[in-house]
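If you're matching them up, the sequences are chains F, Z and W in order.
So the first sequence is numbered by this note's numbering: it starts at 10 and just counts up by one.
So the second sequence is numbered by this note's numbering: it starts at 10 and just counts up by one.
So the third sequence is numbered by this note's numbering: it starts at 14 and just counts up by one.
Treat each hint with caution, since some may be false.
Straight-line C-alpha distance at most 27 angstroms; calculated BS3-like pairs for lysine-lysine [as the list claims (entries may be wrong)]:
| id | chain 1 | residue 1 | chain 2 | residue 2 |
| --- | --- | --- | --- | --- |
| 1 | W | Lys-229 | W | Lys-308 |
| 2 | W | Lys-167 | W | Lys-127 |
| 3 | F | Lys-240 | F | Lys-451 |
| 4 | W | Lys-273 | Z | Lys-154 |
| 5 | W | Lys-29 | Z | Lys-176 |
| 6 | F | Lys-435 | F | Lys-687 |
| 7 | Z | Lys-162 | W | Lys-161 |
| 8 | Z | Lys-27 | F | Lys-404 |
| 9 | F | Lys-306 | F | Lys-240 |
| 10 | W | Lys-87 | Z | Lys-176 |
| 11 | Z | Lys-190 | Z | Lys-203 |
| 12 | F | Lys-389 | Z | Lys-27 |
| 13 | Z | Lys-190 | W | Lys-29 |
| 14 | W | Lys-229 | Z | Lys-121 |
| 15 | F | Lys-435 | F | Lys-624 |
| 16 | F | Lys-192 | F | Lys-149 |
| 17 | F | Lys-179 | F | Lys-271 |
| 18 | W | Lys-87 | Z | Lys-199 |
| 19 | Z | Lys-162 | W | Lys-87 |
Cβ-to-Cβ under 10 angstroms is the rule here; a few derived chain Z residues that face chain F [unchecked claim]:
| id | residue |
| --- | --- |
| 20 | Ala-19 |
| 21 | Arg-20 |
| 22 | Leu-116 |
Over the 12 angstroms line for every Cβ pair with chain W, so calculated as not near, a few chain Z residues [what the hints assert, rightly or not]:
| id | residue |
| --- | --- |
| 23 | Lys-27 |
| 24 | Met-41 |
| 25 | Glu-75 |
| 26 | Glu-76 |
| 27 | Ala-110 |
| 28 | His-114 |
| 29 | Ala-119 |
| 30 | Phe-132 |
| 31 | Pro-182 |
| 32 | Ile-207 |
| 33 | Arg-212 |
Worth flagging that the hints you see were computed from the coordinates, not collected in a lab.
Quantities reported herein were computed from a predicted structural model and do not represent experimental measurements.
Every residue, glycine too, gets a C-beta built ideally from N, C-alpha and C.
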Amino acid sequence: MAENKFAAYICSGCGIGDVLDVKGLEGTAKKDGKMAEVKSHPFLCNAEGVQLIKDDIANNGVTHVCIAACSRRAKTEAFNFPEVAVSRANLREGVIWVIAEGSDHDEIRQEMAEDYVRMGCAEVKKMALPDGNLKESSSKRILVVGGGISGMTAALAAADAGYEVVIVEKTGELGGFARNLVKRVPFSGPYAEPQATGVEDMAAKIGANSRITVHLNSTLAETAGAPGRFKAKIAQESGAITEELVGAIVQATGFTPYDVNKLTELGGGQDNVVDQAGLEALAKSANGGVIKRADGKEVKSVVFVQCAGQRGSGGNGNGHHLEYCSGHCCATSIKQAMYFKDANPDVDTVVMYSDLRVPGMGEDFYRSAQQKGVIFTKSKVNKVAGGGSCKVDFKDLILDEDTSVDADLVVLATGQVPNAGVNLDKWTEIVTLADGGDAAAKAQTIEMKKGSVLNLEYRQGPDMPQFKYGFADSHFICFPYETRRTGIYAAGPVRRPMDMLQAQEDATGAALKAIQAVENVEKGRAAHPRAGDLSFPKARLEGCTQCKRCTVECPFGAIDEDEKRFPVFNEERCRRCGTCMGACPVRVISFENYSCDTVGSQIKAVNVPDEFEEKPRILLLACENDAYPALDMAGLQRLTYSAYVRAIPVRCLGSVNTIWITDSLNSGYDGVMMMGCKHGDDYQCHFVKGSELAGYRMSKIGDTLKQMGLEEERVITHEVAITDHERVAKLINDYVAQIQEIGLSPMKF
Amino acid sequence: MSDLNTQAVARYKNNFLKEVEERVEDGHWVKMCMQCGVCAGSCPLGPAWQHSPQKIFMMIRAGKREEVLGSDSMWMCTSCYNCIVRCPRKLPITHIMHGLANYAHRLDLAPKGQPTREIARLFWDNLVKTGRVNELKFSLAMYFKDGFAQGIKNAMAMQGIGLGLMKAKRLNPMEIVGGHKCKDIPGIHKMVAKAREIEDRRRGLA
Amino acid sequence: MAKKQYAFYPGCSSQKGASAANFLTSMNVMTEKLDIQLNEIPDWNCCGASIGYGEGGELPRLVINARNLAIAEKELPGQDMVSGCPACWLATRETHERLAEHSSLLAETNEALKEAGLNLNNTVRARHMTEVLIEDIGWDAMKAPVVKPLDGLKIAGYVGCQTNRPFGIAGESFENPKYLDKMIETVGAEPMAKYEQKVTCCGGALAFSEPEKSQKQIRDIVESAYDSGADMIVTPCQLCQANVEIYQSEINKKHGTKFKMPVVYYTQLMSIAYGGSAADAGLNGQLIKADKLEKIAGK
């Protein structure tokens with residue numbers, strides 16, 4: 010390996026040279042940064058400036074480059090030198106744009122710039138060029154689990170894009186729930202009439218597509234491996250196993266209608282009270298003619314009860330069923346009322362709703378039903394009695410009166426229950442017991458596994474993590490297609506309640522995500538959100554204490570354990586957040602370009618003034634996804650904040666190792682601020698669990714502080730959104746004021 | 010007509026809605042109401058309505074024939090057209106209310122002695138008689154609609170206004186004998202009679 | 014310049030000795046100055062107003078309006094029909110539009126019209142005088158004849174209902190139409206921007222049958238004019254004018270208020286601004302004298 014040569018380049022453009030002593034900074038880079046080469050340039054990002062660096066790399070043996078100019082988020086194309094390690098010292102957004110103007114501030118502004126130069130130099134010295142994660146071979150085939158509308162759409166989309174597809178379908182034919190529908194709600198104008206489902210056409214297209222292999226009557230017996238190298242064992246009903254090698258997975262396992270028999274208060278289980286699926290069956294056997302009940306009597310009047318066992322106490326039923334709205338049922342009832350009206354306009358059709366929700370162009374469909382004479386009444390249904398003549402007791406919410414209506418048939422619009430497999434929270438609970446030697450728990454794990462869809466051979470459990478109400482994982486606020494199982498994407502009603510049109514759109518999106526995943530894996534790169542990142546975690550296992558924190562805490566289930574309980578990293582599953590690195594108590598996990606050292610050395614590089622100078626130093630660890638951009642934005646808006654803070658971007662607050670906190674406090678910093686994404690039910694953390702884990706870890710730092718004889722306020726965490734540029738400036742200033750109030754750290758030596 | 014008055018109507022079935030569609034001006038719009046209640050909140054006389062237009066539409070759909078046709082509510086309409094311009098479903102609400110009132114009046118199911126109903130009848134008679142409205146005769150007729158004694162009382166109460174209007178030449182006492190009128194009164198009478206005949210035939214009221 | 018010709022539909026209330034006689038007086042002065050020639054439709058009849066629905070039903074109401082349109086079509090060919098009264102305009106325009114939309118209704122209408130020896134092809138547009146001013150005459154031409162700008166006059170522009178809804182003036186909002194304020198400005202007066210009851214219903218149709226309810230409306234309309242700092246209310250509507258002006262004394266009696274807010278027509282403002290006398294503008298027809306306007310007229 011060639012010898013390392015370190016160089017720093019300082020830009021004096023964009024006003025940097027006007028307010029900072031660039032010559033002084035050069036000296037800092039040379040003396041404190043120990044850079045072999047230090048150059049400044051009035052316009053470093055222009056062709057000439059970039060060429061200067063390129064020439065040094067090509068002709069001068071430079072292997073590590075520190076660029077002291079603008080934020081690392083700016084000019085990324087100009088400062089792209091893939092063959093060397095690069096660090097960035099943020100003098101523009103981080104110093105001159107945010108520190109108050111005027112000569113009063115010259116000294117502290119220059120000190121801040123010098124620190125950033127020192128930090129950039131220190132960081133780059135600890136960095137290595139990542140070599141990626143190229144594997145000998147990787148599969149680009151896409152496995153689609155579920156052959157309904159969502160699965161078929163995903164399969165056709167991926168096949169049309171040139172990828173081989175394997176479909177696993179549990180039943181004997183493609184089509185899923187939609188196969189049993191007479192018609193579907195319209196997808197195209199004028200949105201007035203039900204349309205054919207198109208299921209047969211799609212199934213025929215799949216049958217005729219040479220890129221698509223279909224396994225009917227089949228389930229997944231085992232899925233092992235990682236993106237690019239999943240080994241799927243496909244079990245037929247007969248027990249025969251076929252093994253397929255695939256690169257990514259789309260889980261489109263759909264939903265099951267909520268069990269209508271549980272809705273006893275709404276007549277569920279009684280004669281002539283059916284759910285929407287039951288009505289489709291009656292309509293299917295009518296074959297376009299008048300719809301008859303199970304007892305053969307022609308239906309002359311029908312009542313649709315919306316939100317049956319849905320939306321908690323906001324819907325109909327006793328409120329102890331589903332908490333959520335399934336989204337499609339209003340339009341579905343409208344469609345089904347049309348079955349009756351189209352066959353015989355004299356059939357009385359009443360839809361009882363509390364809030365009619367018809368997203369998209371559903372309003373036109375609703376209007377069309379009204380034109381056909383379907384009666385809609387805003388009501389709360391109290392009771393349904395089935396039988397020869399059904400009776401619906403309800404409160405008319407417009408007329409504000411309790412009343413009732415007789416009907417030949419009552420249709421309950423029940424909700425969608427996702428087919429998402431094993432609940433991992435419960436799974437972890439049981440497995441922990443089983444690991445502790447509990448025999449009953451051990452038996453239970455075997456039973457639970459029978460309900461699994463994917464049967465993943467992952468340390469963290471056999472299916473995707475589940476979301477609220479048991480839906481398959483989704484980063485629903487920011488990246489709805491993303492899941493916590495890299496290379497496995499959920500699509501359709503298994504992910505959230507939805508109708509057929511939404512499911513098709515969803516499936517197309519999932520197919521594209523799967524394609525991205527296999528392409529990234531082939532190039533040895535990370536997937537979203539650090540898409541393209543070539544670094545991946547390495548562990549010095551000789552130092553590992555088998556504590557399992559990394560394997561438990563990895564939000565993506567990327568780390569398995571070997572028989573000795575050492576971590577086994579599956580790089581293709583890894584998203585490079587560094588949560589494992591933050592978790593590791595013995596600090597044996599690192600990335601080539603991001604490690605306890607790259608950050609730790611920056612912390613140490615800051616020149617902490619002694620207590621008599623009365624200049625506090627605040628370490629600010631800012632999440633690179635939201636908080637750091639917000640800080641940059643503050644600069645862009647020329648908001649000012651204190652010159653006493655030193656900001657270091659981190660991949661995620663989850664990657665923050667407590668050693669950084671204790672080291673900084675030990676070396677005389679007066680406070681540590683952390684800024685990360687919102688966590689909780691409506692999290693915005695790009696790595697889902699990172700900021701939550703950081704919050705948990707930091708909640709325990711109080712003891713450490715106490716041991717050090719420091720106040721609790723010296724470590725503080727904030728949730729920050731990318732739009733919070735005004736707030737971050739205020740948070741910093743408030744915190745500096747608070748620290749000055751408390752007094753400087755006694756740990757300055 | 011009598012059988013129309015005693016029709017039994019099943020609840021939450023289509024029969025009364027169908028009757029309204031066939032026989033009431035713009036009645037075919039009733040089924041298109043989406044129950045948002047903007048009409049109810051837009052009516053200047055809203056608080057005076059026993060049943061807002063929103064409720065009237067629901068009552069029709071619920072088959073409450075007697076309550077709808079016997080309602081005092083439609084007669085509260087000032088014809089301000091606020092409901093029409095605000096209805097997100099573009100229902101001609103004012104016209105439907107007028108149509109319902111007229112239909113209830115024709116079937117004689119509208120409330121007896123409802124003052125607006127009485128005045129509407131007097132107004133129409135007044136205008137058809139000569140082709141033009143005679144404001145003085147119309148006013149006097151209104152004052153005396155509840156009998157002679159009440160009429161004198163009403164007229165006395167308003168005499169200050171009447172005198173003021175006369176002084177301002179905006180009420181002519183000579184209108185009581187003759188006054189403005191059209192020339193082709195016989196033609197107007199025949200024409201209006203024919204129109205009513207056609208409409209009654211179409212609505213099945215003939 | 015040739016005068017603009019219109020088939021004129023005066024309406025019952027504008028007749029001599031009727032409640033809006035002074036409207037016609039002032040409008041004649043205004044149209045004279047603006048080179049508008051109004052040709053009265055021979056033997057026109059009442060529009061039925063809105064209250065006509067109760068007894069009249071749909072077809073008889075359409076037919077009486079169709080009669081006016083048929084006469085105009087025959088006797089004053091090629092001319093738009095114009096009315097100064099919102100009720101007349103609304104009923105006629107509604108008839109025109111409904112018959113245009115439903116050919117069966119037009120056929121039935123003609124069957125009835127035949128009894129009076131008439132037939133309608135439904136070619137006549139029904140327009141309101143304010144529409145004609147804004148669309149055919151234009152703001153500049155409306156301003157040109159102003160010789161006595163109504164300086165210092167503060168006026169609450171009260172549009173009311175039927176000039177504004179359901180048809181209104183093209184391009185204006187139903188909730189906050191601006192044209193009346195602009196007319197007030199055009200004649201040199203100051204419109205009260207904060208007048209809140211601009212499009213509130215005066216309850217005029219129920220003035221006789223539901224006096225309490227309609228007078229509540231009038232109270233709001235007048236009170237808000239006082240609150241906005243107005244010297245007077247101006248309106249384009251005959252029923253609004255009569256209702257809001259006439260019942261102030263009643264309200265004072267019942268509620269101890271001291272309302273004395275003059276209510277005038279926009280045509281009266283224009284007549285005065287165009288140099289007409291108080292009599293030309295029909296100001297002698299006010300129950301509540303518009304003193305400030307009379308003062309300007311007398312200058």
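Could you tell me which of the numbered hints above are not met by this structure, giving the numbers in increasing order? 1, 2, 4, 7, 9, 10, 15, 16, 19, 22, 27, 28, 29, 30, 31, 32, 33
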